[in-house]
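Chain A is already provided as a structure; the job is to place chain B on it using the hints.
2 protein chains.
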Amino acid sequence: MLRIGVDAMGGDFAPVQVILGAADAMQQLSGLATLVLLGDADKITGICRENGIDPGIFVICPCSQVLEMHEQPVIAYKHKPDSSMARGFQMLAEGQLDAFASAGNTGAMLVGSVTTVGSLTGVIRPCISAEIPLLNGGKMLLLDVGFNTDAKPDVLYQFAELGTVYAQTIMGIDQPCVALLNIGEESEKGNMTTREAYKMLEESPMVNFVGNMEANYLYDGGKADVLVCDGFVGNICLKQSEALYSVCARLGLNREFLNRFNYEEYGGTPVLGIKAPVVIGHGASSPRAISRMILKAYDVASSGLVQRIQQQMLD
Amino acid sequence: MLRIGVDAMGGDFAPVQVILGAADAMQQLSGLATLVLLGDADKITGICRENGIDPGIFVICPCSQVLEMHEQPVIAYKHKPDSSMARGFQMLAEGQLDAFASAGNTGAMLVGSVTTVGSLTGVIRPCISAEIPLLNGGKMLLLDVGFNTDAKPDVLYQFAELGTVYAQTIMGIDQPCVALLNIGEESEKGNMTTREAYKMLEESPMVNFVGNMEANYLYDGGKADVLVCDGFVGNICLKQSEALYSVCARLGLNREFLNRFNYEEYGGTPVLGIKAPVVIGHGASSPRAISRMILKAYDVASSGLVQRIQQQMLD
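Quick note, the sequences are listed as chains A and B, same order.
If you're matching positions, the first sequence starts at 3 in the working numbering and goes up one per residue.
If you're matching positions, the second sequence starts at 3 in the working numbering and goes up one per residue.
One chain only, chain A, in its complex shape (with noise of 0.2 Å):
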């Protein structure tokens, strides 16, 4: 039995949606995992009780402190160590709990993944990545979408690797294709760092490179399993994909293709490289979202992805 700590109180309508999300994530993993809710306690059993759902389902972890979406992160994290988002990664550093998911402060869950779990051995820095719907019903993998804004070229290049072992290990792709976003096909164009993240990658032995692809191709497939990019510029992607769903929506447009860019369906994004699977939900998330980021939180956790990213990064 897997045991993964959710954040109740992280999210823009938390304790309520991330009470209702776990309920609903926990009728899937019922003999799989072990569900540990990390807030006020009295707040959570009062919730559960409210809508018909019997508080015993869960492990509750009463917490004092809660570590609102506004607050500063570094300043938050490290002033509320009783809060349920730091109290998340202590359990987790500690070995309490097999993984942490929270829909809370983004910048205050990067801030813990890098201060309280820790970098794997030989990862430069740690990233996030998103699942991108592809036309022909596939997905790719976009990485990092924003945990590092100035990212050097030694540090793009392992992305590629992060984002090998991930297509692997959750996406199920025995060699993926991985290819570097840019402005043009030609390895000579771009920035400067993409210019010498071309280079890396066309001589890695490990990184099945296909070379530079441009952003009208994003939703095409075919090109690419892993799209590597900084997290300036993956985070304006990203964004601009939800552009794409709500334009549509406001359209009146209806597809199941561009429902997948729903950010409920993404559900939430691992941070990879660090020594224990930790994973981010969208600050508005529903319980639909939440749900879906405890699953993710789950499939991380049983796959062994941080074993075999550590392994790689040690080969």
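Quick caveat, the hints were computed from the structure, so don't treat them as lab data.
Treat the hints with care, since some could be wrong.
If several chains are the same, the list does not tell them apart, and a pair holds so long as it fits within one copy or across any two.
Subject to a maximum C-alpha distance of 30 Å in a straight line, what follows is the list of computed DSS-like cross-link-like pairs (lysine-lysine) [as the list claims (entries may be wrong)]:
{"id": "1", "residue 1": "K225", "residue 2": "K82"}
{"id": "2", "residue 1": "K80", "residue 2": "K201"}
{"id": "3", "residue 1": "K241", "residue 2": "K201"}
{"id": "4", "residue 1": "K241", "residue 2": "K225"}
{"id": "5", "residue 1": "K82", "residue 2": "K141"}
{"id": "6", "residue 1": "K141", "residue 2": "K191"}
{"id": "7", "residue 1": "K45", "residue 2": "K80"}
{"id": "8", "residue 1": "K201", "residue 2": "K154"}
{"id": "9", "residue 1": "K154", "residue 2": "K45"}
{"id": "10", "residue 1": "K191", "residue 2": "K277"}
{"id": "11", "residue 1": "K80", "residue 2": "K191"}
{"id": "12", "residue 1": "K191", "residue 2": "K82"}
{"id": "13", "residue 1": "K191", "residue 2": "K225"}
{"id": "14", "residue 1": "K241", "residue 2": "K45"}
{"id": "15", "residue 1": "K80", "residue 2": "K141"}
{"id": "16", "residue 1": "K154", "residue 2": "K241"}
{"id": "17", "residue 1": "K191", "residue 2": "K45"}
{"id": "18", "residue 1": "K141", "residue 2": "K45"}
{"id": "19", "residue 1": "K241", "residue 2": "K141"}
{"id": "20", "residue 1": "K45", "residue 2": "K201"}
{"id": "21", "residue 1": "K154", "residue 2": "K82"}
{"id": "22", "residue 1": "K45", "residue 2": "K225"}
{"id": "23", "residue 1": "K80", "residue 2": "K225"}
{"id": "24", "residue 1": "K154", "residue 2": "K191"}
Being a predicted model, the structure only gives us computed values, none of them experimental.
Using the frame of chain A, we list chain B on its own:
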């Protein structure tokens, strides 16, 4: 009468499509401008005759060389002084043309813009821009969309000035709101460059700065008339907008708003910050796109944009 130079040999489907587009533009510019077609005079005349166009509606300027789409820009531009493109820039720089437009090799167009025409006094780096369609029916100017892949904060700041003058002069907006494309609303969000640029924009007496804007609001409108970013990020944004159009087209979705993303509607992007009007067309230009490109060149030349930018830079 303005004299607009058109590179008849530039573009994937040149010269036929260029000539058909030029004939269309000529109908709309009759009495306002003379179109000077640069290229193989025999071919131009022959294509005109084959398509029932009187070659006498144009001024044809014979050139013996063609700068091909795939050629290395700097080398090809230097070694083909009698190419239709190099000759067009030469005539523009010498005052024999009032504007020059080409759908040819984009890199070579940028080389000609800075080497033959040259930057205006005080302009650190010229840039290119695109008018992004908004859901409210308006447009937002995005710049830089590909000229400067590594832009320092002072260059980003200057893009805001260039964009402000463009929005005032070409888009008819008196007090354009300028935003910085970023991955969060707060001033401390982003990479090292955007954080520095934010400070400069905030203190600007000239730019009406409204803060950071995230890419999920890209098509919303209302927030900004001008959106500033470096050419690497801007080019990716623009290409991803093309992906929005092609995704919806392939899903059989048809709305007037989406059709505005069709590159044929853009026509071309003027190079901002150089001493004369230059418009770069899309390589895959159809006659309609060529016609739009030429009309854009006319708009830029007749509006006095170059002089207004120079005035701003000297203030």
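Open item on the list: Treating 30 Å as the Cα threshold, decide for K241 and K141: within, between, both or neither.
Closed with: both (17 Å within a copy, 19 Å between copies)
Open item on the list: Please sort K141 with K191 into within, between, both or neither, judging by C-alpha distance up to 30 Å.
Closed with: both (26 Å within a copy, 29 Å between copies)
- [ ] At 30 Å max between alpha carbons, let me know whether K45 reaches K201 within a copy, between copies, both or neither.
- [x] neither (54 Å within a copy, 43 Å between copies)
Task: Intra- versus inter-subunit Cα pairing at 30 Å for K191 with K82 - done: between (46 Å within a copy, 23 Å between copies)
Open item on the list: Within, between, both or neither: how does the pair K141, K45 come out at a Cα-Cα threshold of 30 Å?
Closed with: neither (38 Å within a copy, 48 Å between copies)
- [ ] Up to 30 Å between alpha-carbons, please classify K154 paired with K191: within, between, both or neither.
- [x] both (16 Å within a copy, 18 Å between copies)
Open item on the list: Treating 30 Å as the Cα threshold, decide for K241 and K201: within, between, both or neither.
Closed with: both (29 Å within a copy, 24 Å between copies)
- [ ] Go through the copies and call it for K191 and K45: within, between, both or neither, with a Cα cutoff of 30 Å.
- [x] neither (55 Å within a copy, 34 Å between copies)
Task: Alpha-carbon proximity context of K191 and K277, limit 30 Å - done: between (35 Å within a copy, 26 Å between copies)
- [ ] Using 30 Å as the alpha carbon limit, work out where K154 and K241 are close: within a copy, between copies, both or neither.
- [x] Answer is both; intra-copy 23 Å and inter-copy 24 Å each pass.
Open item on the list: At most 30 Å between CA atoms: does that hold for K201 and K154 within a copy, between copies, both, or neither?
Closed with: Both, since 13 Å and 24 Å are each at most 30 Å.
Open item on the list: At most 30 Å between alpha carbons: which applies to K241 and K45, within, between, both or neither?
Closed with: Cα proximity of K241 and K45: none, with 33 Å in one copy and 48 Å across.
When the structure is compared with the earlier hints, violations turn up for hints 1, 5, 9, 14, 15, 17, 18, 20, 21, 22, 23 and for no others.
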